[in-house]
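Q: Take the sequences, apply the hints, and build the full model.
In order, the protein sequence lines correspond to chains X and E.
Taking our numbering, the leading residue of the first sequence gets 36, the next gets one more, and so forth.
Taking our numbering, the leading residue of the second sequence gets 36, the next gets one more, and so forth.
Honestly, the hints are just simulated from the structure, not real lab data.
Do not rely on the hints blindly, as some may be mistaken.
Copies of the same chain look alike in the list, so a pair counts if it fits in one copy or across any two.
Stated by the list, open to error - Here are the simulated lysine-lysine pairs, DSS-like style, with alpha carbons at most 30 Å apart:
| # | residue 1 | residue 2 |
| --- | --- | --- |
| 1 | K311 | K81 |
| 2 | K189 | K295 |
| 3 | K139 | K160 |
| 4 | K139 | K121 |
2 protein chains.
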Amino acid sequence: MGIRIKILGSNSAAPAHRRHHTSQLLNIEGKYYLMDCGEGTQLQLKRFHIKAQRINHIFISHLHGDHYLGLMGLLSTMHLMGRSKKLDLYGPRGLSEIITMQLKYSETVFNYPINFVEVDTSVSKVVHEDDFVEVISIPLNHRIPCSGYLFREKKKNRRLIKDLLPPNLSIRNITKLKHGEDILNEDGEVVIKNEEITMPPKKSFSYAFCSDTKYDESIVPIIKGADMLYHESTFLEEHADRAARTFHSTAKEAATIAKKAEVGKLLLGHFSIRYKELQPLEDEAKAVFEESQLAIEGEDFVLDL
Amino acid sequence: MGIRIKILGSNSAAPAHRRHHTSQLLNIEGKYYLMDCGEGTQLQLKRFHIKAQRINHIFISHLHGDHYLGLMGLLSTMHLMGRSKKLDLYGPRGLSEIITMQLKYSETVFNYPINFVEVDTSVSKVVHEDDFVEVISIPLNHRIPCSGYLFREKKKNRRLIKDLLPPNLSIRNITKLKHGEDILNEDGEVVIKNEEITMPPKKSFSYAFCSDTKYDESIVPIIKGADMLYHESTFLEEHADRAARTFHSTAKEAATIAKKAEVGKLLLGHFSIRYKELQPLEDEAKAVFEESQLAIEGEDFVLDL
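A: Okay, here's the thing in structure tokens:
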């Protein structure tokens, strides 16, 4: 599988119309990464039967309440449910202080370590890397320091064609084949040509999460060619003035960024409470960028072949 | 009407079995008072069609997350929905600092003033008073500083018997009658005897909210004779050791306090996530104190005649 994105909430400001605050769960090769954590995220995880303890990495974009007020409750529940595994937490300056102060007054010490990584919201750089992905910060243009996150799957291994594999191949040689190397004999001669018994690797996907931002083309080079872009679209173009004033985007602006960045698909979210019906937002985006969809909570979006 | 108590949540620690964290709404003569504010309280208010802006007083018992993590979100939503009315907030030391820090990092200044009243959790005294009630703090015995709250309706006016009222009675004389005074003529002679044209006032009720506490009889004199007592009953007696260790109570202990304090009714709440079925908690309490009920969320408990 590639990247599976579960929308846990995609409303802005206040919960409304049965829509919850921003949060998304990424499943990459069975690993869970949580993006933002609005109030009630732990309840949404339960609602969608997702085991919170499987989350080892949480990325917070910024410190407006609708993006992080569910974090303290989620961390506390992880503690109460007996977590001992380390949790990596990424977010802007201040997040660690807010958590620490709340722990102080509740006289609580979590049973598990939190590795807090302070994200510099002014630059784009790798903030996390593991066997499967690298995560790159995306400086966003919002009222307060705010960072999006680009998930890039690493280059995957070549796939062995089992029926063609010679017997008794050593683990070392299997690894070499997966990495695209030929198998040589002691004299350095090719005895197994890689491309004859392997297939090319599966495609590596990328997903960009841009939570809260006004229209700003400076992110285009960073997210260029991403397979999927989530870009906030708080307003319709008819409220473009309000969007600019509040450092938010319209659906048309989100679609314009998607088009300029030549992404595969666009997900729209962070909907204003003024819109009960969301279809006009999708329609407006599609007029600019056909592959636009609403990030409706509960839905899964899958990047795979 | 007297006092109407709406249970918004009554689970402890982590949300479970579709039960939410502690929060209760008191409606006293049409005025709303919120008791504790666990995560998702604003969603529960919506669910039960309660207008959050009507709340002018919020009382927080202590700074364990399951009792206050919904506060910041509720305050923010009040701001975003255009509140300008003052809000009175009562709680232990630290609460104001937590709010202030979160406002600082979100670079937000609320449109409405919050009057924060720091409650000394070590003494019982009047912390709030208005035309209808006085609210008295109840020092609880918990792992961290914690205060319950006793709501006492003030003495109500005598009720005029409309059919017996003489015509053209001045507002001043009506007020006198309501306050139990006779009407005198200029020579100081009684012309209208109060008890002949008024009925006694309606009963004034009292409600005690004891959110998190181990068994402690020192609260008995404070809550003596309350019409209704909410007393946490996190555990069954079979887990009494655990209750003592975590500074919580069993259903039997809650009922024992209710009995010693000679209250009218007992509400049980703050249920441990270990109990999916709650009936055994009620059964255990009833064996000691017959007028015991579970504080099930969504239910209303009314103190009236």
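Q: Work down the list of hints and note, for each, if the structure agrees.
A: Against the structure, the hints:
no. : hint          : verdict
1   : K311 <-> K81  : both (25 Å within a copy, 15 Å between copies)
2   : K189 <-> K295 : within (24 Å within a copy, 67 Å between copies)
3   : K139 <-> K160 : between (32 Å within a copy, 26 Å between copies)
4   : K139 <-> K121 : both (20 Å within a copy, 29 Å between copies)
Checked against the numbered hints above, the structure violates none of them.
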